[in-house]
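Peer 1: Residue-level listing of the chains:
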Amino acid sequence: MKFPARLGNLGTPQWLALAWLLVVAAIGWHQWQFWQAPRLDTDVFALLPQDEKAPVAQRAMRQLGEQGERRVVVMLGAADWRAAQDAAARFDATLAAAHAGLRRAGDGGAATQALDFYRPWRDALLTDAQRTELRNADTQALAAQALERLHGLNTGQPTAWLADPLGLWSAWWSQRGGLTAARPRDGLLWVADPAGQRDWAVLLYETEGSAFRFDGDRRWGDALDSAAAAAAAAGPVTVLRAGVPLHAEAGAVQGNREMNTIGWGSLAAVIALVWWAFRALRPVALIAVSLLVGCAAALSVTVWVFGQVHLLTLVFGASLVGVAEDFGIHYFTSRLASPATARWPLMKHLLPGLALALLTSVLGYLVLAVVPFPGLRQMAVFSAVGLVAAFLTAVCWFPALDRGTLRGSRMASAVAANLAHWPTLGGRRLWTLLAVFTLLCAWGVSRLHANDDLRQLQSSPPELIKDQIEVSRLLQIPSPAQFFVVQGSTPEAVLQREEALKDKLRLDAAAMAGTGAPALSAVSDWVPSAARQTENRRLTAPAEQQVLAKVSQALGEDLQRPAFDPAPLALEAWLASPASTATRAQWLGQVDGGYASAVLIRGLANRAQAEALHALGEQVEGVHWVDRASDMSGLLGRFRVTMGWLLVAGHAVVWFAMALRFGRAAWRAWLPTALASLGCLAVLGWLGEPFQLFSLLALMLLLGMGVDYGIFLLEHRGEEQGHAWLAVLLGAISTGLSFGLLALSATPALHTFGLTLLTGLTLVCVLAPLFRLHKSHNPNPRQA
Amino acid sequence: MKRRELLTLLPAGLGLAAAGVHAQSAPELLADISRRLENPAVLRGEFEQTKTIKGFKRPLVSKGTFVMARDKGVQWITAQPFASTVVVTRERLLTLGESGASRQIDTRQEPGLKAVNEMLMALLAGDVKALAERFQAEGALQGAQGWRLALKPRDAALAAFITRIELEGGRHVDSVNLHEASGDASRIRFFNHAASSLSPVEAGRFGP
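For the record, the sequence lines run as chains A and B.
Here this note's numbering is used: the first residue of the first sequence is 1, the next is one more, and so on.
Here this note's numbering is used: the first residue of the second sequence is 1001, the next is one more, and so on.
With the rest of the complex left out, here is chain B (with noise of 0.2 Å):
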């Protein structure tokens, strides 16, 4: 079965277009933030993601380990409950399920899916610069490293599937809150940072 998690942007017809126009906000914040933030050509770390999910009693915990190559894109490596790999770049989201069956899907036919894989990049990286472009966002620094960024999107096609985004980091992004259009909601943890050059495989997944 076709797995297509998108946010597919749709009922096309030309009529159905979303206006909107992007402008720098609060830009000495984003500008402070950025320096605070490290920022190494490949990132990787463990992660623990919660999700609450509507019609659910309990929430949904999984484990993993994370790589972030900048410029090329993002494994999300989950090993509990279910081992399952995606990989998000520009280009596509790759999915490795258990049972070794791979699916890709090309944003070059999805561009909303290549908006989305961008802002996943853009969110694990802490590039704030790119974040401000699709988002509103309004924050504060704290103490002597740390600070906290929370995102409203711009634009009216991502506000139907995305309503708000927190973000908590010093050097690194510590924590991401992802709160849905749906009533959902998923928390992400982020620990052990490292910074290190792709292995072999890792280079491989990321596709020539």
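Extracted from the complex, chain A is given alone in its bound form (with noise of 0.2 Å):
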């Protein structure tokens, strides 16, 4: 860096402080107004990577995500039906009085609209069964049974006597029906369990507008709750909650907490630390303002680039306030080392060692971005960003606003000069030591076991899970990740494979191991294909025809069969109407250059099931199987591989580039970290905490943020070298503060992130001064 000596002897440059205070206003506006309406992002998935080899499965998730954004499922179980409804009416009637944005969902309409709307195509609609029965029928008997049926007790049908004689359109609506567990009753809907002797009345809430506010309050949950208590009041009821709202306001309130918890946490921890330093307010104050600074910009910039920012960027970017402020400590506590420098030039002494350690920090946190998840891209961009805004805010303004003289406390002088006491290592010392320690990392390494399971991003509260999976089961909801996709060149060839792959798991039901075969949910169950529809006709039309003649034979009546819609019934009619709202989201529409649909699949029980499926469902034509879960673990682990590679051909660029600038004595700025790096992998082993993909990506940032203490260390000799150590411990207590928060996440993959980086950077704390450079030896830098 090289800056014109006169400016630099007039004192500060004050184009430069009023070039960053403009850049500070732009992002205090953009942030004054982005705040007036948060864009936050809570789902899971928006943190995962598009599967660009999958545009289909990418579609079909998020089509049938959509579908259930909205919606909150409340069961109400009891010993008997009776209880249970009364406990709905209590339930709902406590809730709807509430008024916290959840509104009833279905309307008793429905029913009849749906009906209306088949009625035309009536003859071309049949179940299975009737097809085998129709085949070989014999029109004498239907036509007895149709006598004995037009003469007994009326039990009600769907449709008009003379437009279906033979009642076959009752037993497709209950196979319709039969898709999910649920049945109306008594103007609810109920679900008896399988299991127990229990009855279920289940309630249906849609959310109502479309803010989502992130103030940390439990509104929904909080209301639900309280309509919980009311419903329970008269009697024993169980209640269960589901739905995706619920999930995303439960961690919309943990992220908040956590967020505040982490940010203002690590804040005070800094403030305490530089008051406890310089005993002075300027520092306290500048280095609030550059973190202020920092995260100001980094999260304006967050939403510039992706328009939105993910609830656990935030939560991660809250970290950001205890390295940030390493900067400004680095800067006072020179300050402290050599009082009698002008501000201007000191800051020039300081800048290539401050530059050097940003560089370092920011590729650290930039290699996050090299695996293409959206959200570490977002947590990667946010703390570079906020990391170099600090380091702006402090190299502009610091020297500017930093007047009057700068005593420290006699604490801070203590630990500067207790470096002195620390031993450096050498000889045969070092080799024992690091033999030691070697074999301790070796045992704990050895019992580190690797995960890739896709929960390590879940953080949903372990009841409302609980809730989710109960409903699930009682419901018998499809499974939301794993399913067929079905594609074919037009909307008619994926109706009719469909149709296909129905068939061959129903012929290979036998082959399925296990209990009672999972049931499939497709289209083509409401929209039968062309094709089928008119094999459909040719039987129904000819059965209904004979059996009319013999019943007008029989009663001395002239009874005419109805006409019916020539056409078939049409995908895009059935699309367009109320009667496709259950089942629209697994229509995909025009994809890839075809048509594709998504076949759901309803009551799998275990793993080898769904293995059969897959293995039967794509030796059919156009289908794949799609297990969005597994797809993802897999490739959390090929991350968590590759990242390893990085992470060793890291530590070798980072030896480099130290070579470039110590020479031989590199390796003591760069083996506290890689040993530091081995011990956070035993911890782990230790502790039994999962090996995963973010471990690894802490270790990344580890050799980022570790490698400037030994940098600090090396830049500094004699009298300095003391003060370097006090930034340093201040820096890496500060900065372990904030990661020790984020270990507390209640975030699986936060949680091992925060803890990886608290143990690394406590043990680079502890190894650095081991291997500094005695004070005699002075290997002059800049002649590398």
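In case anyone wonders, no lab produced these hints; they're calculated from the structure.
Glycine residues also receive a C-beta, built at the ideal position from the N, C-alpha and C atoms.
Restraint-style ranges between C-beta atoms, simulated for each label pair:
| # | chain 1 | residue 1 | chain 2 | residue 2 | range |
| --- | --- | --- | --- | --- | --- |
| 1 | A | Arg218 | B | Arg1070 | 46 to 54 Å |
| 2 | B | Ala1195 | A | Ala541 | 46 to 54 Å |
| 3 | B | Arg1103 | A | Gln197 | 21 to 29 Å |
Here are the simulated SDA-like pairs of lysine to any residue, each with C-alpha atoms no more than 20 Å apart in a straight line:
| # | chain 1 | residue 1 | chain 2 | residue 2 |
| --- | --- | --- | --- | --- |
| 4 | B | Lys1054 | A | Ser552 |
| 5 | B | Lys1057 | A | Asp558 |
| 6 | B | Lys1054 | A | Asp558 |
| 7 | A | Lys550 | B | Gly1055 |
| 8 | B | Lys1057 | A | Ala554 |
Sample of chain A residues with no beta-carbon within 12 Å of chain B, all distances over it, derived:
| # | residue |
| --- | --- |
| 9 | Leu21 |
| 10 | Trp275 |
| 11 | Trp304 |
| 12 | Gln482 |
| 13 | Gly593 |
| 14 | Gly603 |
Hints are included, so try docking the two chains, each in its own frame, into the full complex.
Peer 2: Here it is as structure tokens:
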């Protein structure tokens, strides 16, 4: 960094401070605008990579996800239906009175509407059993049954007798109803627990409005809690709650809490440390300003680049407070070390070291962005920008705003002097320590176990997850992450392939292991392919005409079969009608130069069953099995391996960079971090914490930050070294505290990340002084 | 061929629930009617049913006997013009045809059917309290012993099939008029009521 000597002699270059002021003002304006209506994301899948190889699976996941985005399901279980009904009435009344933004969903007219919609195609809709029976129909027997039914006790049927003389339609509708375990009963939905003697009433709600608020309030959750209490007032009732909005809300509440704990906790720690070291308001205020500018700039740029910011980014980003203060602290400790030096020349003197430290840290963060996870990219951009902004604030503003003298506390001097008492290592002692340390680590590392489970990113409260699983089991909701995707060149081809898939799985039902084959849910259940409809009509028309003729003869009537719509039921008409509400999301439309749909699976009992279905289904042309959870876990695993090699390469690159500046002494800056990384792995092994992608990413960041401490200690010699040690210690404590707070996060990935860095930084701090150069030894780095 | 003429309640999907809450209405009238009705453990008698079905010139008339066992169910034994027996209980709907073939549907799988069965049982037994849960009732007492009652479904799903039911009676239900949404109607008259215990055959038909 070359700077005109004249300007430097004049003192602070005002223009630099002013230019940065303009940038900060722009950031402030943007921040003010952003918080008016924060665009926050809480969906775990938003953090995961887009799978470019499978756009259809991607579309299916999105569409199926959007379907349930606003829905909340409440189930009330009691010993009998009457008690469940009463509990449901109390629950609904209490919730309605609370005005918590949850609206009762579902309306009574829908069933009638659906009946009316399908009526013109009644003759084209048959169950598989009916098709088989009609193929070998004995019209004489059918006519006898029709006559019996005509004269028997009337139990109602969904269409006029003449339009369905064989009474076929009810069975078709029952099968449609069979797609969920819930049945309408007395104006509610009813489910009987297959395991226990329990009746469940099901209530459906939708969230109102689109405003997702980030105020840490548990609005829906609290309202549901008090409604549940009201429902249970009259007797023992089990209340289950499920739905994406509840998870999102729980995530937001928790994220808000964690962000505040980490952010404010770190800030308090930094302020306390700075106060303890300098006993002056000025360093505290200036460092707080640099942190504030850093965080604000980070958020603004992240929103500007990604359009919105994920909640986990904010939680992670809050730990930035403990990292970005390093520059300020370093500046002020240097002021302590050489109080006579003018401020700007001092900053100039510090600049190369600070810039190198910034570079390694930013690189450490940016490596997170190498992995194509949008979530990690956000975190990387957030942190890198935050660091740069805090650095620029320190460089541009501190020399201008820092006036007067700085005495420092006696404690600070004591710590600085204390470094002299730390032993340095060399010769046999070094090798002994290395050997012992390596042995200990090897033992810990041998206990490590890898875990690439996708659930590391999820932090929903366990009771909510338990409820969700129970509701899915009782209602037999199809698995949202394992399903078939069916593709074809035309919609008709897709529907025909769906039917082929259903036939295939039905034929091979016997081959399916275990109890009761799972059921499929497909668009073609609701709109059979045109070919299937024609086939059905070829069966119903002659049978019904013959039965009508025989009944006419028996009763002396002249019965005419009414005309049905001559055209088959078209997919577009169905999609546009309210009859498709429940299943519409499964039609994926035009994808990949053709058409596609999702065929869902209900009642998947175990992994073996899923694998059997997978193998059988893919034998049908145009059918692919999708298992997002295992795809993602596989991806996490692959990136874990890649990242492992990248980490090794990273260490090599850092050593090389160090060598350029420090020559043969470079290993002294590098080795503490390398040993600490090994130590981290060992600690994870001892604690039984899973070894995962996020542990490796933390080690990558540790490389970026830990090397800084080595650099600071090597950069400064003689008297300065003690104060560099003070800066390293202050920086490491505040950084460690921030990541220690992150380790408290309920999100497993963030917990691992925080824990790894906390362990790593502590180790670097203990190890770094052991490898520093002795005072008398002067390598003069500028020759390198 | 499986025959399932039931109030299948249908296009399930979770979104299609009907909404509605039951409430007691005209409680005094219903209490009065209840008091006028006899309520024997087993009631038997004869029936004549006249069905008017859209597209048919003539009404369809059938005759037979019925057995109503309180807490068990109803047996509907048609003698003319075709012999058939329908056994309605809370748990199932059993049809015994002329040919001897029987068909059975379990209400545990079809709660819609359960609702229909309970309604049929309540209609024939004159179980006014049970009817009032599903229907809005209005009516009047007639003379010293008689009464009449008109019922409209409270539930939208039920209303899709049944628009109106009229009942008349004294110590027993004497007639039921059932108007369906499709325009069809059934009129059933009951006579020669008698109270006696179940025969072994009848008891057997209700099942274990």
